[in-house]
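Enquirer: Work out the full structure, taking the sequences as your base and the hints as a guide.
Listed below are the residues making up each chain.
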Amino acid sequence: MPDSAVTVPLLEVADLSVAYHTDRGEVFAVKNLSFAIRRQEVLALVGESGSGKTSAALAVLGYLGRGGRIAGGNVRLQGVDLALIPARERRAIYGRRIAHVAQDPSSSLDPAMRIGDNLMEGMFVHFGLSKKEAYKKALTLLGEVQLPNPETVMACYPHQLSGGMQQRVCIAMALACDPELIVMDEPTTGLDAATEAAIFKLLKALRQSRGISILFISHNLAAVRGIADKVIVMYHGKAVEIGENEHVFNRPAHRYTSLLFRALPTMRAMDGMPAEILWQDGVAPDTGCAFRPRCDMALDACGQSLSMRPVAPGQWSSCVRSDDLLADAQEIRLAESLADFRESSADARKPDAGVKSVLRLDNVTHSYGRRGFLIKRGKEKRSLDDVSFDVQKGKVTALIGESGSGKSTLARCIVGLERVQRGAMVFQDTDLAPLRGRPVRIARRLQIVFQNIAGSLHPRKTIADILARPIRLYEKRSAPFKELETLTHSVGIKSDLLYKRPSGLSGGERQRVALARAFSSEPSLLVLDEAFSALDVSMKVKVMNLLRQKKSATGMGILLITHELPIVRFLADRVAVLYRGWLCEDGPVSLLRSPPMHPYTETLLWSALELEGLSPAALRMERFLAPGSVSAETPSEGCPFQLRCPRKVGDICEKTRPPRQRVDGHHSLACHIPVAELGRAQQSEWPTSIAASYLAEEPSTC
Amino acid sequence: MKLLKDRVFVIAAAILSLHVLLAVFGEWLAPFPFDEMQFMSTLSGPDATHWFGTDQYGRDVFSRVLVGGKTTLVFGFGAVAVCFLIGLPVGLASAYYGGRVDQALMRVMDVLMSFPTLLLGLLILIIAGPDMVSLIVAVGLVYCPRTARIVRTAALNVRQSTYIEAAQARGESGAYIMFRELFPSAVGPILVEFCIRLSYAILLGASFNYLGLGIQPPEADWGALVQEARSTMIRAPWTVLFPILFISTLVAPLHLMADRIDDQLKGGKGA
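Going down the list, the sequences are from chains A and B. FYI, the numbering for the first sequence is 3 to 704, going by my numbering. FYI, the numbering for the second sequence is 160 to 430, going by my numbering.
Keep in mind the hints are simulated off the structure, nothing from the lab. Incorrect hints may appear among the rest.
Unchecked claim - As a list, the in silico BS3-like pairs of lysine-lysine whose alpha-carbon atoms are at most 25 Å apart:
#, chain 1, residue 1, chain 2, residue 2
1, A, Lys383, A, Lys395
2, A, Lys383, A, Lys657
3, B, Lys164, A, Lys502
4, A, Lys206, A, Lys139
5, A, Lys496, A, Lys552
6, B, Lys161, A, Lys502
7, A, Lys203, A, Lys139
8, B, Lys161, A, Lys496
It should be emphasised that the depicted structure is a prediction, and the values quoted were computed from it without experimental measurement.
Expert: What follows is the structure in C-alpha cells.
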C-alpha cells in the first residue's frame, strides 16, 4: 500500500489478518496489515507486547504453529503468493530465500552439536555441499559475522559461547543460504548494550555488503531508529502509523507513536520530560482507534472506524488528530504529571550530605561451584570479588554492567537466595551475610522485584491471595478487601481482577500486580533486578514515577540493577559499575556525564550512545571491544578489565591489581592511570557534538 | 463452582458416590450371603439368579463384590493415605531443599525401594501380625518411595520458578513454600499418582491376602477376588471380570476428577 514502486517489491503483505484459536473463540492478533519491503530495505515493526508484531512475522515465515492461521490477506514474495504454491516448493523458500533469526539464540542452536555442525547442517540440506566445501563456507560466514577465531568457534558447543556470540552464529546460519530476506524477531533482546550495539553494527554492514532486506521486529525504539528505513508502528493488532524512519521519528503522525517515543528515556537530549501514558486497562476497543481509551487527545470521532491515510509524503497514519500532531507538535501539552516528575526528580538529586545508608556492602565475595555432597563439582568460579558500596536512604543506586558481571548474583545474595562466602552486608544495623534465608522481620523491609516480574506470581493463586499474603505474613492479619483494592488502584488495576488468577491477566497487568506486592510492605530497601527490561515502553515512565513517589514518601532506598543506561540516567542518584564481579567505579550518577570515568564505564557509555546512533566519528569506536570478543576467562593477575581496556597502559595492567583512587568525596574508581590524567585524556576526546546534545542536558534541571 | 457445570466431572463424581454407597450398604443389598457355597452350581455363568455368575465354590460373585467393597475402599484409601503421609513431605522436602537433604532422603527411599515389594511387605506383616491395620501400613510403606519420587520430580519442575524464589525472598518458611507454593503447582502429576497408587495398592493387598497375610478368607475384597479367580479365569472369565470392572470404575472416575480439579487449579481451560 505505501509503496508505489516501479518494480515489484521483494515482499508484499496485503491486508493480512492472523487469528488464533482459543477457548474464547477466534482471537485476532493481526488485523488488515499491509506493507512491502524492497530490496536492501530494512523495515521495522515496532509495538508493545501483544501488539501482534511477532504474529505478523510468523505469518510471513509461514510458521504460525498450531492454533494460528492466516485469516485473511496474503503474503507475496516477488509477486508469488506463498499460500498458493505447493508445500514442497514452499519449503525450499523458507530457509533459503527467507531466513529467520529468533529472539533467543540459545534455543535455536542444537546444544548437542558443535557450532560447525549446526552451521553446516543447512548447507547439506539446501545445497548438497560436500563436507569440505561446507566447512570452508562456514568459516567464511563466521568471519563475515565478525567472530574472532572462526576455527575455534566451529569446534565449540553452543553453551561455550556468550549470548552475543551465539546470536552472531545464528545470523551466520541465516546467511548460509544467501537469503534475500531475513526476518529478525527481537534479535537483541536479552543482550547487553555493548553486544547489542555490536550486533546492530554488524547488521548494517551486512546490509551494505550483501544487499539483504530485513524485516526487523523490536520494541527497542532507539535501536530501530538507528537501523530501519521504514517503520510500522503497531497497536492492538493494527498498524497505526507507517512511514520513513526520519518522518516517523521526527514528527510522528499518530498520538500513540508520539507518546511512545516521548515515554522512552533515551541517551539523547529530549525537549521535555518523558511522557506518561495511561495504564492500559482491560481490553482495547475493537472498533475505531484501539488506543483511544489511553489517549489524551481522543475525540468522539476516534470511535468511528478508521483507516490508514497518507498524511505527508512517505507517511501514513490512522490517527484523527494527525494533522494537529504534524502541524505543531510543540503546542500539544503533555500530561500534567510531568510537572510532578520534574519536581520530584529535582528533589531527589539534592546533594547527598549526611544521608544514612540502608545497605552497606563490605568486601562481598561469592563464588559458584562449591563442593557438592561427596563429589567436588567443577571449578570454582568467582562471581563477586570484594564488592563494597552503599545504598542510601531515599536514593536510587544503580548497579550497571554487562550480562555476566555478577549483578543478579549480588541481588540474590542480598535477598538471601545465595550465600556470600566473605564480607558483610549491613542492612539497617544487621549483618545479612551470615544469615541463612531472611527472617520475616528483615524480609519485610527488604523486597525484591525480579527480572521475570510476571513470573514471580504463583500461577494457581488468585490476585487477591497473592496481594494479601505479605500482609498475612508480615502483619499477622488478614487483609480487608478495601485494602487490596487500594493496592491495585495504586498501579491502575481494576479491583474485579482480584478474583482472577495470573493467567487471566495481561502481561502488563501481571507486572503491575508484582510491583504492587513489593510496595505493599513499605520496604526500606527495594531491589529491582532488571525489572525494567521486561516492562512495556509505555509503562516504564509510569513505573519510574511510581518509584519516585514511593521513594520520597517512605524514604525507601532502591538498588536498581540494569544494563539500560538511559534508565540509570533518569532514575538513579548513584552508580556502581561492575565488571565480571569486580567493582570498577562507584560514584554519583553525574559521573556518567563528565570525565574522568573508569575505562569500562566509558565503554558502556559509548556503546549505549552508539546504539542510538549518537557515536561520533571522531571517537575511535573500534577501540571499545564487544564483550564476546575476548576470552571468557577473567585474568587471574592484574586488572580484570585489561583484555578489553581501550586505555591499557602496559605491563602494570597485567601484573598488578589497580588501586582504588578517590576522584572526590563520593566517587572512586579502580585504575592504574592517575585520575587527573584519565580525565584529561577523556576530556580531549570528548566530542563536542555529543557534548551539546548529551552532556549539557540535565534531566532534573530542564 | 465451575466444576459442577462440567459434565465429565459430575458423572465421575456420581459413579464414585455410587461406589461409596454400595460399599456402605453392600451387606444389605447382597442377594446371597457372601460366603454361602452352592456346590450344585459352581462356575456357572451370569444369569437371572447369579447376576455376575458364581465362583469355583458356587459363591455368588455379585454378592462377594458388593460385600468386598467396604474392605477394598477402606484398605485402598488407607494404604494410599499412609503412602502420601510419608511420600508427600519427603518428596517435597527433597525437591525444595535439594543438596544434602535431597541426597539423604532419596537414598533412604532407594534402600526401601530396593527390597522386592512382596518381601518388604511380608517382613512388615510378619513383625506386625496379619490384620487390616498392619496391611494398610505395610502397603503404604512399600509404595511410599515411589510416591516420594513422583512428588519430587513434579516439584522439581517448578522448584526453579521465579515465584518460588519470590516466596523465599519474602521470608516464607520452608513448610509454607513446600505445601502452599510447591504443592499446588505440582498437584497435577501428584493427583495422577494418587489414582494409580490406589489401584496398585488394591492389587498388592490382594497378593498379601493370597499369601494368607492380609485379610483372611472367606472375607472378600476385590483384589482378593481377582487373586482367587486366577485359576478359573479362562474357564469362567466372569469371576475375574466383575471385580476388575469394579476396580476400574473406582479408579477411572478418580482419574477424571483429578484431571478436572487440576485444570481448575491451573485456571486455564474455561476459566
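Enquirer: Against this structure, judge whether each hint is valid.
Expert: How the hints compare with the structure:
Under the criterion of a C-alpha separation no larger than 25 Å, the hint pairing lysine 383 (chain A) with lysine 395 (chain A) is inconsistent with the structure, at around 33 Å. The hinted pair formed by lysine 383 (chain A) and lysine 657 (chain A) meets the criterion: a straight-line CA distance of about 21 Å does not exceed 25 Å. A threshold of 25 Å between alpha carbons decides the hint, and for lysine 164 (chain B) with lysine 502 (chain A) the separation of about 19 Å falls inside it, so the pair holds. Our distance criterion of 25 Å between C-alpha atoms is met by lysine 206 (chain A) and lysine 139 (chain A), whose separation comes to about 21 Å.
With a CA separation close to 20 Å, the supplied pair lysine 496 (chain A) and lysine 552 (chain A) stays within the 25 Å bound. Using a Cα cut-off of 25 Å, the hinted pair lysine 161 (chain B) and lysine 502 (chain A) holds, with the two alpha carbons roughly 14 Å apart. Taken as a hint, the lysine 203 (chain A) and lysine 139 (chain A) pair is honoured in the structure, with Cα atoms around 22 Å apart against an allowance of 25 Å. Of the supplied pair hints, the one linking lysine 161 (chain B) and lysine 496 (chain A) holds, its CA atoms being roughly 23 Å apart against a limit of 25 Å.
The structure is inconsistent with hint 1 alone, although it conforms to all the rest.
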